[in-house]
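Basically my numbering = 1-based index in the sequence shown + 228.
Treat the hints loosely; a few may be bogus.
[Claimed, not checked] Simulated restraints, written as ranges between beta carbons of each label pair: (1) A238 <-> M291: 22 to 28 Å; (2) A243 <-> E292: 38 to 44 Å; (3) I313 <-> A280: 36 to 42 Å; (4) S294 <-> F314: 15 to 21 Å; (5) I232 <-> I313: 37 to 43 Å; (6) I234 <-> K286: 26 to 32 Å.
Since the hints were made in silico from the structure, they are not lab data.
Every residue, glycine too, gets a C-beta built ideally from N, C-alpha and C.
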Amino acid sequence: MTTISIIMLAICILAAVAFFTILERKFLSYTQIRKGPNKVSLMGILQPIADAMKLLTKSQQKMESSNMKMTTYSPMLALMISMTIFPILPMSQYPIL
Numbered sequence: 229m230t231t232i233s234i235i236m237l238a239i240c241i242l243a244a245v246a247f248f249t250i251l252e253r254k255f256l257s258y259t260q261i262r263k264g265p266n267k268v269s270l271m272g273i274l275q276p277i278a279d280a281m282k283l284l285t286k287s288q289q290k291m292e293s294s295n296m297k298m299t300t301y302s303p304m305l306a307l308m309i310s311m312t313i314f315p316i317l318p319m320s321q322y323p324i325l
């Protein structure tokens, strides 16, 4: 499996997650009789990206005994690890799932 195919697989997975996020938000907005996510761009296309940026950059409460570097980089590291491992698992010789 080449690097390009792994990158393409990761992009497809991210696009699918973004699509299903928009679909879920639209469905919930229709069930609650309100307009859906349309604040970021045309019909809410960039809403998942805005949500991810908000999640990664929201303000943290600083405690005296906390390690701020670890607190800041943990969500980014978790996303990076999951995006690195996820394309490899289904393509291995003995898939887990």
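Need the list of violated hint numbers for this structure, in ascending order. Hints 1, 3, 4, 5 not satisfied by this model.
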